[in-house]
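Asker: Guided by the hints, dock chain H onto chain S, whose structure is given.
As they're listed, the protein sequences go chains S and H. Residues 1 to 250 (the numbering used here) are what the first sequence spells out, left to right. Residues 1001 to 1290 (the numbering used here) are what the second sequence spells out, left to right.
Hints are computed from structural coordinates only; laboratory data are not their basis. Please note: incorrect hints may appear among the correct ones.
[What the hints assert, rightly or not] Facing chain H, from chain S, some residues (calculated, C-beta under 8 Å):
#1 Leu56
#2 Asp81
#3 Leu111
[Said to hold, decoys possible] Some chain S residues well away from chain H (every beta-carbon gap over 12 Å; in silico):
#4 Gly70
#5 Ala82
#6 Gly149
#7 Ala162
#8 Ser181
#9 Ala209
Keep in mind that this is a model prediction, so the values were computed, not measured. We put the beta carbon where it would ideally sit given N, CA and C, even for glycine.
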Amino acid sequence: MTAKVETHDLKFWYGKVQALKGITLRVGTGEQLTIMGPTGSGKTTFLRCLNRLNDLVPGTTREGQVLIDGQDAYRAGADPDALRRRVGMVFALPIPLPMSIFDNVAYGPRLHGVRGRHLAETVERSLRSAALWDEVKDRLGDSAFSLSGGQQQRLSIARVLAVEPEIILMDEPCSGLDPISTLRVEETVEQLRGRYTIIFVTHNPQQAARLGGRVAFFYLGELVECAPAAQMFTRPRDRRTEDYISGRFG
Amino acid sequence: MKGTWRRDVILLSRRRDRIMVGVLTGSAVLAVGVLVIIVGYVLWQGLPVLTPTFLLEAPEKMGRAGGIFPTIVGTVVLTAGAVLVAAPLGVATAIYLAEYAHQGRTVALIRFGTESLAGIPSIIFGVFGFLFFVIYLDMGWSILSGALTLAGMILPTIIRTAEEAMLAVPREYREVSYSLGGSRWQTITRVVLPNALPGILTGIMLGVGRSVGETAAVIFTAGASLRVPHSLFDPVRTMSVHFYLLAREGISMRNAYGTAAVLVLSVLAVNFVAYYLMHRHLARLRGAGR
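Chain S extracted, bound-state conformation (with noise of 0.2 Å):
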């Protein structure tokens, strides 16, 4: 399997507080890796610097490498408006932009020129395949905030499928969610999983173990260990990870 996103030693503070303490981690094309760890693990730093979201953050440091398809995210000349385009996120709170459902799916394609028919296209491409076409079709032009907390999240990943990336990084993307909701966005997941290089972050176990594939687990800004799914919650190899998964803390 070739790697699609893999990063060296990468380094990351803020201000003087170390959030990563090198971490070295390869995920393969059409890979959905899952990172776990407690809250102020690192997980969501380690997500930002893939797209570069942390470059916006004042005040911080960054070592080591992040390679995506096998070139340096980071170098010299590296255009980080095109990175991101490639690179989608979904953010851990859904974050509606203040206009209509149609408007906020058809933001990202926008930027890139996408117009007309080709655009309403796209728009409906991408809800279909967040799961969330047929509740929305006869409302496009309503304000996306008319939407649940659920929705709010299907429609964040319908924005983020719009602009065709190849990699998409979800944040916790169920924090704010109830137990239903989380089941449409992990059913969702379940159906990108092959065709988009998926990073999932949890804080939670049981949502790691359910999602299934590798899980990295981190913790205090260190990759504690990475292993398949089944492997880690049957044999976790380092007695931190036993700790996290049986609930001794975290």
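Answerer: Just chain H now, kept in the frame of chain S:
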């Protein structure tokens, strides 16, 4: 637990609560009351004077008789000129300060500077405008001198309110835009500005209000001519200046109140239209009117 609750303390706090509600309601009533009395009095005195002739004809005998048409033209032209100069410049500065400038000591200094500038008495702007535009640049008493002076006067307010409005747009909206591959400029034009527009508009409306109501700076820079201007280099008299001169020189209190009524009504109308447009914009932003 029940036994430890002090009934007297609860009663006291309830009474304090009632007193504070009274004080706050009283303040609000007083503030609105003062406004209603002033506007009401001006309209009561001025409305009977308002006739088509008063609005559409030139003044005679220094304003003792006739209408106020040239001063209406003067007010509109001068205010429009000031806003046309100050609004684009102010919003552009605010975009720079809020979105581009490195948030450090320099920006803090610029912010402090604009804030101080906003508090400078208008007469200072008037004297500066007189020395710089009227004399040094030889523009004379003219619409151009007056509008540029007023623009300088309202610029700090527009910058400050626009910048505040942009900084108040949630960081998350920007991150969504960036995360979808949006450039900085796309993010500013498609997310930041539409959401900051009500605040930006408020600053511009404050500027319109200050321009319309200004007398000192205008007398120094645009003059007090009672003729209808034909070019940007002609002097004009605004309604505020006209009102001031009519009242100050005791020419005609009746026509002064008539002028004041037109002033008050036009400021109210401009505000009303601006808020109507703003609400329509907000409704569209929320996706109701697609």
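Asker: Just pull the numbers of the violated hints for me, sorted ascending.
Answerer: 5, 7
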